[in-house]
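First to last, the protein sequences are chains A and B. Reading the first sequence from the start, the letters are residues 1 to 87 in this note's numbering. Reading the second sequence from the start, the letters are residues 88 to 577 in this note's numbering.
All clues stand as given, with none of them false.
To give an idea of the chain A side of the interface with chain B (calculated C-beta under 8 Å), a few residues:
no.: 1; residue: Y30
no.: 2; residue: G34
no.: 3; residue: W52
Because the hints were derived from the structure by calculation, they are not lab data. Just so you know, even glycine gets a beta-carbon here, dropped at the ideal spot from N, CA and C.
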Amino acid sequence: MSRVKLLQIFPVVLILVGAVLVFERPAYAYADPGTGLLAVQAAGSALVATGWYLRRKIYSLFRSGDAPISEPDKQSVAIESEDSPNP
Amino acid sequence: MSALPPVNTELELTFRDPAGELRLTDGCALRRIRPAAEKETREFLASSLRKTLEQSGDLIFSRIAEPGSHPCISSGEFWLEHPRIDPISYPWEWTTAQWRAAAELTLRVAGQAIDAGWTLKDATPLNILFSGPRPILVDVLSFERRDPHSSVWLAYGQFVRTFLLPLVAAKYLSWPLQATLFARDGYEPRQIYDALPRWRRLNPKLLDVITLATVFERPGKPRVTSKKTPSTTDPDLARHVLQKRIARLGKQIRYAAGERGSSQWSRYEQTAGHYRPEDVEEKQQFVMSVFARCRPEHVLDIGANTGTYSLLAADAGARVVALDSDSAALEQLWRASLDRNKPITALIADIARPTPAAGWRNREHLSLLDRLTGKFDLVLMLAVVHHLILRHQLPLTHIAGLCAALTQRWLLLEWVAPSDPMFQEWLRGRDDLYGHLTEDDLTRAFAPHFAVVDRAQLGNGRVLFLFNRLLGQNDTGVPAEFQHAGGSTA
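Sequences are here, hints too, so could you generate the full structure?
Right, dumping it as structure tokens:
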């Protein structure tokens, strides 16, 4: 399979994995969270979380090499600099 | 000018929230906070989030009510006092642009709350009122403390159902926003999915809230956690996820709310061939002289269209309620009043078929006439009466009765004679019924309720009348034949 196709399929796989993982329904909601929309939110969160962790890994690699970071998400970098890097 | 008429304080306006209930009185809205929610409410009132939101005008002002300051407050109870926003408008009376503004307000507040360690536990247009042209969040009890490790916004589902999906339905299915009158909690994703053609279901901008939500729907009972299970997500990640979610919803709202619409009536001001520029000038001059003479405090503009005369009334110092059945025209008026910061409340409504009462026992949401009767000292009915006669086939006496119910004092009405081209256009073969109406018929029909104070004839044959309401029928001035039709709030 070509690399491009893999990149296209990857988000869809993540969504499906996320949806399956989080099917527990909280019992403390006030407004009806809806089963489908709750799953969609969880899947989206999994996607965002994956991106977040991947970026952190990349930053930690770069930081050890002292290369300048040009990234729109400077907020994540600021937060990073206060925490110790994850092993 | 009399104070706001008393509303039946037995009327509980909100009752679903276990944390509290709302009542309306003459001068304010009172919210009782149940003991279980008192601690968190006090924390919220002490928070900087509350200060920020009140200062920016996004959240209604709250004050802890003194015991004994109102008859319904017993000692030991915790009540909040809020200023009343009048008139109340409901989401099914908003234009698309107003709906979008309310959605964006909710998202803005949700985003700020997340940063401050709070969250909104519900997100519905019924928590928003329009104070003039500005949306304002009125449900102080929506705020609750957020679990910093949780990346789930529990009100997301409600936001999508009640804010986003109605906009989507209006855009792609032509389901009017007014239809949400019957859908308290909005539309389910499945309803939209089933109604859309197959190719539209794959629209990537809305794929998650329509198609995926339908596919992942789980009827029946999945595993349920019996108590709050602490999640272990990194707080920074949780915040990041929530803010991303809010940002995506913002994009989806903007997409679904679409372009500004135009319609036959919003282009009225430019294409109104039956008004020459000098006629328009003359009409405006007369209307402005009436405002200067009457100095109205509360004006109702029926058939306000793009709001030329509503804006003149607001410039003259009045608070205005503007009604029109044309959404695109009203949207222009709303934007103008927002840009120029004028106290004009725009509502989509047809005065001939006004918004009914709705909700639980038909008392949860008041009818339009219940909200408007007895609140105005001047009513404008410019270029509307021929619509009521021809399109709604209302006798002049009935129109007079309605006007008498709506105004405390003045009525400025524009008479359009049968010889007028617009009258002829709508006449449509009913000459025998309506073709012979004259000015005298008008004044005679209005005579039981009104006296003519001033009259001006425009160059195009239309006539402006300034009427003064006669008192002495009964206290509210509502004539007997109108009382059973819901024209009184007593």
